[in-house]
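A.B. asks: So the chains spell out like this:
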Amino acid sequence: MNDLLNNIIKNKKALIGITIMLLVILTALLAPLIAPHDPGDQDVTRRLRPPYFMRGSASYFLGTDALGRDILSRVIFGSRISLLVSLASVMGAGLIGSILGLLSGYYGGKVDSIIMRIVDIQMALPYLILAIVVMAVLKPGLQNVVIVLIVTGWVRYARVARAQTLVVKENEFVTAAVALGAKRSWIVFSEIMPNILIPLVIIASLEIGQMILGEATLSFLGLGVQPPVPTWGGMVADGRDYLSFAWWVPTLPGLAILITVLGINFFGDWVRDSFDPRLRNL
Amino acid sequence: MAQACPLRVINADMTYVGKRLVYALLVIFSVLTIVFFLVRLSGDPTSLFVPLSATQAEIEQLRKEIGLDQPVYIQYYRFLKRSVQGDFGLSLRYQQPALDLVIVRLPATLELALVALTFMFVIALPLGILSAVKRNSPVDLFSSGLALFGQSVPGFWLGLVLILIFSVKLPLFPSSGYKGFLSLILPGITLAAFSSSLVARMTRSSLLEVLSSNYITTARSKGLSEWTVILKHSLRNAAIPIVTIIGLQVGPMLSGAIITEQVFGFPGMGRLAVQAVLNRDYPVVQAFVVVAASLITLTNLTVDILYYFLDPRIRHE
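Just so you know, the sequences run in chain order X and H. With the working numbering, the residue at position 24 of the first sequence is 25, and numbering never jumps. With the working numbering, the residue at position 134 of the second sequence is 114, and numbering never jumps.
This is chain X alone, in the form it adopts within the complex (with noise of 0.2 Å):
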């Protein structure tokens, strides 16, 4: 635990990466404790005032947009939308394209075959095009944007894992558990899957950012979580309109996304380096 601490200080990357981490975290748990003012609360008397640093007033920290809500509480709750699909879905993707890939690895044959075969037809369609099709036929909202996410990501654990089990399944203590007798359930989740777990976790660290982006983005574009729910890329496409005279109405709670999206890569990239420097280019 002391030389995971000192690594972390000694490290700059992983120190603001963690940081950076903590605080969204923090500010999605305490959201209702420490947002001025209800994120719903509109009044268009007060509609696109400036933030604080240019002139405007300190209850209004980051402004306030169109129908005169606060930015900042907007962005502190929709922090939570952020966390909670990036979480949701890179556990859901993980644990699919994790189990596929390893009984695709360990099984080999026709089983190898069929589940290869959907990844390379996945291949041949990027997520947001794939999301598209998907978002088609369900209607936006919290749950289709994790399923989507979900459908378009487990691709990556799913590789990952079957070329680690192709290389632990040839190791003596699987036949040493093979000649034992185990059964072979016993073999693929007690002796394989814990041996293929740190490369997974890897993927998944450098996987969250990604997830808030793909979140974001469908906000933005009017396919994820609906209004009045706030969440940040949703938040960018209300203001896009003002841009030229109440820029800060689309462009900061874009910076949210930028910021915590660059935390989450310096952690991953941490983590990445300190598990396994072999998967630096992953």
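Check before you lean on any hint, since a few could be wrong.
To give an idea of the chain H side of the interface with chain X (calculated C-beta under 7 Å), a few residues [what the hints assert, rightly or not]:
no. : residue
1   : L18
2   : S132
3   : V133
4   : F136
5   : L144
6   : V148
7   : G231
8   : P232
9   : S235
10  : I238
11  : I239
12  : V254
13  : I276
Pairs of lysine-lysine residues, derived as BS3-like cross-links and limited to a Cα-Cα distance of at most 30 Å, are as follows [claimed, not checked]:
no. : chain 1 : residue 1 : chain 2 : residue 2
14  : H       : K61       : H       : K(-1)
15  : X       : K184      : X       : K111
16  : H       : K114      : X       : K13
17  : H       : K149      : H       : K159
18  : H       : K114      : X       : K11
19  : H       : K44       : X       : K140
20  : H       : K114      : X       : K14
21  : X       : K111      : H       : K(-1)
22  : H       : K212      : H       : K202
23  : H       : K44       : H       : K61
24  : H       : K61       : X       : K140
25  : H       : K212      : H       : K114
26  : H       : K114      : H       : K202
27  : X       : K111      : H       : K61
Here are the simulated distance ranges between beta carbons [as the list claims (entries may be wrong)]:
no. : chain 1 : residue 1 : chain 2 : residue 2 : range
28  : X       : F174      : H       : Y3        : 29 to 39 Å
29  : X       : F174      : H       : G203      : 47 to 57 Å
30  : H       : T13       : X       : L30       : 39 to 49 Å
31  : H       : L150      : X       : L24       : 31 to 41 Å
32  : X       : L27       : H       : D80       : 51 to 61 Å
33  : H       : V119      : X       : K11       : 17 to 27 Å
In short, the hints are calculated from the structure, not lab data. The C-beta atom is built at its ideal place from N, Cα and C for all residues, glycine as well.
Take the given structure of chain X and dock chain H to it, following the hints.
C.D. replies: Just chain H now, kept in the frame of chain X:
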């Protein structure tokens, strides 16, 4: 050493190309199948093919017209047959063939992608090369920082910030629409940002790997100039992973084009697709997905074939 019979070599080449071609067709066929079944997974798909204002009688008539009252396997067969003929039905909004609407907007999207690719070559490749050659220098640090920024910045936000700086504050470029070459610059930079960061990182790492090999030490010990070693001996061997990663960027670029076109009000097929989803114009969504997937598959096929001819090791496998 005996030379391989030229006819046999050509045969092997054709077999490889043929296999990749069949595989590409299989992928496109699978995408068509997904598009067909996805609609039916959500229940009765009729609502996706009729305007919201349609009466019950109109819905029933359309069900018969497009064969939704038939068994699924017959619908599937008809769908495949029509798709091969390029018939995805009429757009509910524009009342024109869906495929035509997508195809008309395809050149604008391709033009945008081409500008983005040019930016990628002009910025990312030299930056990656310089980073590898001058490892741990300020250039390397700057390049790594830029790459990390490119991977973390939301494309739609970058586009808006560029509009704010270069269209609103300094009126150098148009902020939206398609009014000649200048309209392509800001969307091109926005679209290139994410892919460029990947290409710069990949160029750096593959060049670093090559620069540490023995034959490079030999080339240097022969007294060749450093730039000859880098450009002639190293870059050629580092080209394979770089070509692959550039080829793989077509998918993300098409995805990126959807966002960029939306931000800049650019009249491409990505913007059409988003509007089609928001207007519940499913025939257009279908046509768009199939065109996009075909484009990506064809590019992957080209990269595979290029790869085969660029790298003799693959031919000998």
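A.B. asks: So, for every hint listed, does it hold in this structure?
C.D. replies: So, going through the hints one by one against the coordinates:
no.: 1; hint: L18; verdict: 6 Å, holds
no.: 2; hint: S132; verdict: 4 Å, holds
no.: 3; hint: V133; verdict: 5 Å, holds
no.: 4; hint: F136; verdict: 5 Å, holds
no.: 5; hint: L144; verdict: 5 Å, holds
no.: 6; hint: V148; verdict: 5 Å, holds
no.: 7; hint: G231; verdict: 4 Å, holds
no.: 8; hint: P232; verdict: 6 Å, holds
no.: 9; hint: S235; verdict: 4 Å, holds
no.: 10; hint: I238; verdict: 5 Å, holds
no.: 11; hint: I239; verdict: 6 Å, holds
no.: 12; hint: V254; verdict: 5 Å, holds
no.: 13; hint: I276; verdict: 5 Å, holds
no.: 14; hint: H:K61 - H:K(-1); verdict: 23 Å, holds
no.: 15; hint: X:K184 - X:K111; verdict: 20 Å, holds
no.: 16; hint: H:K114 - X:K13; verdict: 22 Å, holds
no.: 17; hint: H:K149 - H:K159; verdict: 20 Å, holds
no.: 18; hint: H:K114 - X:K11; verdict: 25 Å, holds
no.: 19; hint: H:K44 - X:K140; verdict: 26 Å, holds
no.: 20; hint: H:K114 - X:K14; verdict: 22 Å, holds
no.: 21; hint: X:K111 - H:K(-1); verdict: 19 Å, holds
no.: 22; hint: H:K212 - H:K202; verdict: 14 Å, holds
no.: 23; hint: H:K44 - H:K61; verdict: 18 Å, holds
no.: 24; hint: H:K61 - X:K140; verdict: 29 Å, holds
no.: 25; hint: H:K212 - H:K114; verdict: 17 Å, holds
no.: 26; hint: H:K114 - H:K202; verdict: 21 Å, holds
no.: 27; hint: X:K111 - H:K61; verdict: 29 Å, holds
no.: 28; hint: X:F174 - H:Y3: 29 to 39 Å; verdict: 37 Å, holds
no.: 29; hint: X:F174 - H:G203: 47 to 57 Å; verdict: 53 Å, holds
no.: 30; hint: H:T13 - X:L30: 39 to 49 Å; verdict: 44 Å, holds
no.: 31; hint: H:L150 - X:L24: 31 to 41 Å; verdict: 34 Å, holds
no.: 32; hint: X:L27 - H:D80: 51 to 61 Å; verdict: 53 Å, holds
no.: 33; hint: H:V119 - X:K11: 17 to 27 Å; verdict: 25 Å, holds
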